[in-house]
Amino acid sequence: MMRDLLQAPCSRSLPLLGLIASALLVGLGCDDGRPARVPISGTVTIEGQPLKFGSVSFVPAAGRPAGGALDSNGRYELTCYEKGDGTMAGEYKVAVTGVESLGEHAQRWHAPQKYRDAQASGLTATVEGPRDDLNFEITWDGAKPFVEKF
Amino acid sequence: MLWKKGVIRQGHRVNSIRSTTTPINFPSGLDGGRGVVTDAANVNKANGAFSSRHAGGAVFAFGDAHAIFIPESIDMTVYRQLSTRANGDVPDATF
Numbered sequence: 001m002m003r004d005l006l007q008a009p010c011s012r013s014l015p016l017l018g019l020i021a022s023a024l025l026v027g028l029g030c031d032d033g034r035p036a037r038v039p040i041s042g043t044v045t046i047e048g049q050p051l052k053f054g055s056v057s058f059v060p061a062a063g064r065p066a067g068g069a070l071d072s073n074g075r076y077e078l079t080c081y082e083k084g085d086g087t088m089a090g091e092y093k094v095a096v097t098g099v100e101s102l103g104e105h106a107q108r109w110h111a112p113q114k115y116r117d118a119q120a121s122g123l124t125a126t127v128e129g130p131r132d133d134l135n136f137e138i139t140w141d142g143a144k145p146f147v148e149k150f
Numbered sequence: 151m152l153w154k155k156g157v158i159r160q161g162h163r164v165n166s167i168r169s170t171t172t173p174i175n176f177p178s179g180l181d182g183g184r185g186v187v188t189d190a191a192n193v194n195k196a197n198g199a200f201s202s203r204h205a206g207g208a209v210f211a212f213g214d215a216h217a218i219f220i221p222e223s224i225d226m227t228v229y230r231q232l233s234t235r236a237n238g239d240v241p242d243a244t245f
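Going down the list, the protein sequences come from chains U and L. Residues 1 to 150, numbered by my numbering, are exactly what the first sequence covers, in order. Residues 151 to 245, numbered by my numbering, are exactly what the second sequence covers, in order.
In short, the hints are calculated from the structure, not lab data. Note that the coordinates shown come from a computational prediction; the quantities given were computed from them, not determined experimentally. Using N, Cα and C, we set each Cβ at its ideal position, and we do this for glycine too. Check before you lean on any hint, since a few could be wrong.
[Said to hold, decoys possible] Among chain L residues calculated to face chain U with C-beta under 8 Å, some are:
#, residue
1, Leu180
2, Gly206
3, Asp214
4, Ser223
5, Asp225
6, Ala236
[Unchecked claim] Counterexamples of contact, computed for chain U against chain L with all Cβ distances above 10 Å:
#, residue
7, Gly33
8, Val59
9, Gly67
10, Ala69
11, Cys80
12, Glu82
13, Phe146
Whole structure, please, built from the sequences with the hints as guidance.
Structure, rendered in C-alpha cells:
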C-alpha cells in the first residue's frame, strides 16, 4: 500500500518526462542545445538622427523573439538566449520602443508609439547571416517627441 | 495589456516582480526588447523575465495547482496568453 502510494506519482510523471526530453531534443543544432543564432546589430535613426533611447525587438511569426537596448549612438545588439548571441535565421517583424524613463510617473517618447508594436510598425528584417549594419530609419511623420504621464 | 507598455513601474521590487513581457530565462540585466522593469532611477535594468536554473525552460505552477515545464522556445503569443484571460485568450498551440 505504502509502496503503491509512493510509486503512483512517479509513474504518472513518466509521460511528462518524455515530453520534456523530446522538447529538449527538438531544435538541436548548436553546442548549447538551442537553435543556431547569428550575431545581429545595427543602428536606428529617426529623422536621420540616432535614436538614443529605448529598445528593439525582432518578433518571428512563431517562437522566441530577440531584443536589445539602444545606446547613446542609436545602436542595438540582439540577444536571444545569451548576451549578444543575435537571433535565428528567418523573417521578422520589428518593433522599436523609443522611450526614455523620466522617473516613476513619466516617460518621454523619442519615436512614435506605433513602432512599439511589431505588427503595426511596418518594419521587417530578414536574417540570413551575421550583420552589424541591420539599420532602421524611422520618421515622426509630422509629430514630435512627447512626454507620457502615468 | 501590461506587456505592451514600454516600461513597467513597480517601485523597488526589481528582483521580485515578473511578467511574460520578456522571454523565459532571458539574461538578467539586459533589455529584452520591450523595455525593462525598472526602479525609478533606472539603475537595475531588471527585465522581469521568469527564469530558472533548469536547462531550456522553467517549471511554472498554475492557479489550478498543476505545474508544467515550459520550454524557453515557447511562442511568445501563447506564453503571453497563458498569463491573461483578456480577450478570452485561449492558447491554441502546444508547447
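Structure-based check of each hint:
no. : hint   : verdict
1   : Leu180 : holds, 5 Å
2   : Gly206 : holds, 5 Å
3   : Asp214 : violated, 16 Å
4   : Ser223 : holds, 5 Å
5   : Asp225 : holds, 5 Å
6   : Ala236 : violated, 16 Å
7   : Gly33  : violated, 7 Å
8   : Val59  : violated, 7 Å
9   : Gly67  : violated, 2 Å
10  : Ala69  : violated, 4 Å
11  : Cys80  : violated, 8 Å
12  : Glu82  : violated, 6 Å
13  : Phe146 : holds, 13 Å
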